[in-house]
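Chemist: Whole structure, please, built from the sequences with the hints as guidance.
Top line first, the protein sequences correspond to chains D and W. Numbering-wise, the numbering used here puts 181 at position 180 of the first sequence, and it's gapless, one number per residue. Numbering-wise, the numbering used here puts 174 at position 173 of the second sequence, and it's gapless, one number per residue.
None of these hints come from the bench; they were simulated from the model. One should not assume that every hint holds.
It does not matter which identical chain is meant; a pair holds if it fits inside one copy or across any two.
As the list claims (entries may be wrong) - Below, simulated SDA-like cross-link-like pairs (lysine to any residue); rule was C-alpha separation at most 25 Å, straight line:
no.	residue 1	residue 2
1	K143	S248
2	K143	A231
3	K150	A171
4	K150	L250
5	K143	R153
6	K143	P246
7	K150	D189
8	K143	I235
9	K215	A236
10	K143	D159
11	K170	L147
12	K143	A186
13	K150	Q188
14	K143	V249
15	K143	D189
16	K170	R57
One letter stands for each residue in the lines below.
There are 2 protein chains.
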Amino acid sequence: MTGGLAIVGLGPGDVALVTPQVTAALALASDIVGYGPYVDRIPARPGLTLHPSDNRVELERAQHALEMAADGRRVVVVSSGDPGVFAMAAAVFEALESGPQHWRTLQIDVLPGITAMLAAAARVGAPLGHDFCAINLSDNLKPWALIEKRLRLAAEADFAMAFYNPRSKARPDGFARVLEVLNDACQDARPVIFARAVSTPEEAIRVVPLPEAKPEMADMRTMVLVGTSATRLIARDGVPFVYTPRSVLE
Amino acid sequence: MTGGLAIVGLGPGDVALVTPQVTAALALASDIVGYGPYVDRIPARPGLTLHPSDNRVELERAQHALEMAADGRRVVVVSSGDPGVFAMAAAVFEALESGPQHWRTLQIDVLPGITAMLAAAARVGAPLGHDFCAINLSDNLKPWALIEKRLRLAAEADFAMAFYNPRSKARPDGFARVLEVLNDACQDARPVIFARAVSTPEEAIRVVPLPEAKPEMADMRTMVLVGTSATRLIARDGVPFVYTPRSVLE
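Modeler: Structure, rendered in structure tokens:
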């Protein structure tokens, strides 16, 4: 078996959202590498070795995957959602660039997945139906001031916004500040969607006007979407539909 | 059979990128509604009626789909990519909001798909590995000045950028202006990725530095991705890998 590396997206949780391309790559794998909870989603089978690892060791995990691929293993690195969106693909290429030259001749494929913002948006309608941006709210890898700057510029551009990693136990206060900045920059009651654990049995969706959004509505399993100034609600039983019109008038 | 409406994403082209959830919805459908080239991707079978329509009639198409669902048909509206990203979902909710009240009690589901920017990004590495934005470059439904404003703010925020609908026969000049604005706003040689017809037999990928990007490198089947100021290339045989590092230093 020739070695190689596939960096795949498992989607938000439901197996019905895993692409056949990813399923095929998993079926051919000799080794699965990833954050523990994502590796747990892969069924065990003879000939398959699982390599779960902790959070925040992305670069070491990527190096390990590349080493095994160079040794002739058929390695699959798993991410939740899409591997290219705040997930493992960038870490693998960082490791590749700083690693030995022979790694560059490996067969390396990135296989896309349904990223959390698209799954969350679909559950409420089409809140990302116009121009939008995606921002990782964790300041583990970038200065907090840059996050605030991007929020203000995104509001000025009137982008819809999708926030990954809004809040964690290690960062309890940042998301409160995000809501302050947004209220100050937007000055309206546009809808905010809190979509927790989309497509899993723990799924919970909540839609509130921006001034009523509270930090404790989000945790690390929550995707937060914010509408544009034009985003609309359609009332119905239960959670309303939320959509952003395609048109902006002159 | 109870009527209902599913608005589904067929992904960029390859059937291996269609989710099992969408495949299941298509198998249960009585009627398929969509832009002709997307409806053409659905195999005919007894009991299934195909309703292809022209471009730029999204609202009429959405109304037709809702009417059939209200008549008890099992309707699937198909989009390329993801239905919530510059596709049919927003049009259906626009039609729903302005339509008869009883439409609001219909079962309406949006089923996500692999949107073009994620498929294109995966083919070259991880160019969207940091904060990014998605902008529709067509000015059919918004003023051109708003597009330029968003480009300048996105560059100031140092977002990676994904451009949908960069160029068409009806709009031959806009994309040239986009490249002028970007060169003026960015003042560097960050990579630009032209990804045409990703995952189809006509796929063609090209990576050039921003100052060397030319309007004729894009057409309506091309997804254009622009890196951040930190995006990096890893040379190899053929198209280089392109990735945006996860970290921004203080």
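Chemist: A separate judgement is required for each hint: does it hold in the structure or not?
Modeler: Status of the hints after comparison with the structure:
{"no.": "1", "hint": "K143 to S248", "verdict": "between (34 Å within a copy, 6 Å between copies)"}
{"no.": "2", "hint": "K143 to A231", "verdict": "between (30 Å within a copy, 13 Å between copies)"}
{"no.": "3", "hint": "K150 to A171", "verdict": "within (22 Å within a copy, 36 Å between copies)"}
{"no.": "4", "hint": "K150 to L250", "verdict": "between (27 Å within a copy, 15 Å between copies)"}
{"no.": "5", "hint": "K143 to R153", "verdict": "both (16 Å within a copy, 22 Å between copies)"}
{"no.": "6", "hint": "K143 to P246", "verdict": "between (33 Å within a copy, 11 Å between copies)"}
{"no.": "7", "hint": "K150 to D189", "verdict": "both (19 Å within a copy, 21 Å between copies)"}
{"no.": "8", "hint": "K143 to I235", "verdict": "between (37 Å within a copy, 23 Å between copies)"}
{"no.": "9", "hint": "K215 to A236", "verdict": "within (22 Å within a copy, 46 Å between copies)"}
{"no.": "10", "hint": "K143 to D159", "verdict": "both (23 Å within a copy, 13 Å between copies)"}
{"no.": "11", "hint": "K170 to L147", "verdict": "within (21 Å within a copy, 39 Å between copies)"}
{"no.": "12", "hint": "K143 to A186", "verdict": "both (21 Å within a copy, 22 Å between copies)"}
{"no.": "13", "hint": "K150 to Q188", "verdict": "both (17 Å within a copy, 20 Å between copies)"}
{"no.": "14", "hint": "K143 to V249", "verdict": "between (33 Å within a copy, 5 Å between copies)"}
{"no.": "15", "hint": "K143 to D189", "verdict": "between (28 Å within a copy, 22 Å between copies)"}
{"no.": "16", "hint": "K170 to R57", "verdict": "within (14 Å within a copy, 47 Å between copies)"}
Of the hints listed earlier, there is not a single one the structure fails to meet.
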